Amino acid sequence: MGPNTVRVVALVLAVGMASTVGGPYLVQAGVPLLVVIALSVLVLAVPLLAIVRSERSRR
13 MGPNTVRVVA LVLAVGMAST VGGPYLVQAG VPLLVVIALS VLVLAVPLLA IVRSERSRR
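Position one of the sequence shown corresponds to residue 13 (the numbering used here), numbered consecutively onward.
Hints are not guaranteed to be accurate.
[Said to hold, decoys possible] Just the calculated beta-carbon pair ranges, DEER-fashion:
#  : residue 1 : residue 2 : range
1  : Tyr37     : Gly14     : 17 to 23 Å
2  : Gly42     : Pro15     : 37 to 43 Å
3  : Gly14     : Leu51     : 27 to 33 Å
4  : Val27     : Val47     : 14 to 20 Å
5  : Gly14     : Pro44     : 19 to 25 Å
6  : Val18     : Gly42     : 34 to 40 Å
7  : Thr17     : Leu51     : 23 to 29 Å
8  : Ile49     : Asn16     : 37 to 43 Å
9  : Val58     : Thr17     : 15 to 21 Å
10 : Val64     : Val43     : 26 to 32 Å
11 : Pro36     : Leu61     : 22 to 28 Å
12 : Ala22     : Ile49     : 19 to 25 Å
13 : Glu67     : Val24     : 14 to 20 Å
14 : Thr17     : Arg65     : 27 to 33 Å
The hints are simulated quantities; they were obtained by calculation from the structure and are not laboratory data. As the structure is a computational prediction, the values presented were derived from the model and not from experiment. Quick reminder that beta carbons are idealized off the backbone N, C-alpha and C, glycines included.
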C-alpha cells in the first residue's frame with residue numbers, strides 16, 4: 013500500500029468510528045452532545061496527527 017492509501021484508510025476508519033459507531037450510542041445513553049462531539053474530534057485527530065508526524069519524520 014502506498015502512503016496515500018494509508019492516509020485514506022486512516023481517515024475513513026476515524027470518521028466511521030466517530031460518527032457511526034460511538035456517537036449515537038453515547039447520545040442515547042445520556043452523554044451530553046458536546047462531550048460526544050469532543051470525543052469524535054479526538055478520535056478523528058489521532059490518526060491525522062500520526063500522519064502529520066510521520067510526514068515530518070520522513071523529511
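Hint-by-hint comparison with the structure:
1. Tyrosine 37 and glycine 14 have their C-beta atoms about 34 Å apart, which leaves the hinted 17 to 23 Å range violated.
2. Checked against the given bound of 37 to 43 Å, the beta carbons of glycine 42 and proline 15, roughly 41 Å apart, stay inside it.
3. The beta-carbon spacing between glycine 14 and leucine 51, approximately 30 Å, falls within the hinted interval of 27 to 33 Å.
4. In this structure the hint that valine 27 and valine 47 lie 14 to 20 Å apart at CB holds, the actual value being about 18 Å.
5. In this structure the hint that glycine 14 and proline 44 lie 19 to 25 Å apart at CB is violated, the actual value being about 40 Å.
6. In this structure, valine 18 and glycine 42 meet the distance hint of 34 to 40 Å, their C-beta atoms being roughly 37 Å apart.
7. Taking the beta carbon of each, threonine 17 and leucine 51 are about 27 Å apart, inside 23 to 29 Å as hinted.
8. At roughly 28 Å, the beta-carbon separation of isoleucine 49 and asparagine 16 lies outside the given 37 to 43 Å, and the hint is violated.
9. In this structure the hint that valine 58 and threonine 17 lie 15 to 21 Å apart at CB holds, the actual value being about 19 Å.
10. Between valine 64 and valine 43 the C-beta distance comes to about 29 Å, which sits within the given range of 26 to 32 Å.
11. For the pair proline 36 and leucine 61, the beta carbons lie near 25 Å from each other, so the given range of 22 to 28 Å is met.
12. The hinted window of 19 to 25 Å between alanine 22 and isoleucine 49 holds, with their beta carbons roughly 20 Å apart.
13. In this structure the supplied range 14 to 20 Å holds for glutamate 67 paired with valine 24, their Cβ-Cβ distance being about 19 Å.
14. The hinted range of 27 to 33 Å is not satisfied by threonine 17 and arginine 65, whose Cβ atoms lie roughly 18 Å apart.
In summary, the numbered hints that this structure violates are 1, 5, 8, 14.
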